[in-house]
Amino acid sequence: PNGDGRFEVIGDLIRHIFSAEKRYVERLSGRALTDTASIPNDKIEALFEFGQQSRKELKELLETFPAAQWDVPRELKILNFVVNATPRKIVTHVVMHEIRHWAQIGTLLRLNGFAGDFQDFLGSPVMGGGWKIE
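First residue of the sequence shown: -1, per our numbering; consecutive thereafter.
These are calculated hints, taken from the structure and not from any lab test.
Treat the hints with care, as some may be off.
[As the list claims (entries may be wrong)] Distance condition first, Cα-Cα at most 16 Å in a straight line; then the derived EDC-like pairs of lysine to aspartate or glutamate: (1) LYS57 x GLU73; (2) LYS75 x GLU96; (3) LYS41 x GLU6; (4) LYS57 x GLU96; (5) LYS87 x ASP115; (6) LYS41 x GLU73; (7) LYS54 x GLU6; (8) LYS57 x ASP10; (9) LYS130 x ASP118; (10) LYS75 x ASP115.
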């Protein structure tokens, strides 16, 4: 109700998360930007397949980007803005952008009665470890 009208359903926001990641990688790689409007906002498999592809490309960028270029500012045209930032700052922005939007999705789901399991990263299986109740 308080947004700018771009996101009507959660699928729109998920597509936005993955689209931003993909487009920043494309900008930093000097590639043409992908038109992501054709990714369906109501097909979870298609959305997350797109997300897996964008994450793969981000990982490849992180592994192959020239070390000497990480702190060299770049000028990027994004919508009607011109952004001047280093690739290091841009990648940091991508990660923060995603965290913020996934938190919004989690909050929206909880507020609408879809409370899932405990979601703290520290207790997740990602990167090993975990916890137990004594």
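Against the structure, the hints come out as follows:
1. LYS57 x GLU73: Violated - the C-alpha atoms of GLU73 and LYS57 are around 22 Å apart, more than 16 Å.
2. LYS75 x GLU96: violated (20 Å)
3. LYS41 x GLU6: Satisfied, since the Cα-Cα distance of roughly 15 Å is no more than 16 Å.
4. LYS57 x GLU96: holds (15 Å)
5. LYS87 x ASP115: Since the Cα atoms of LYS87 and ASP115 sit roughly 33 Å apart, the hinted pair is violated (cutoff 16 Å).
6. LYS41 x GLU73: violated (35 Å)
7. LYS54 x GLU6: Judged against 16 Å, a Cα distance of about 27 Å means the pair is violated.
8. LYS57 x ASP10: violated (24 Å)
9. LYS130 x ASP118: holds (13 Å)
10. LYS75 x ASP115: violated (40 Å)
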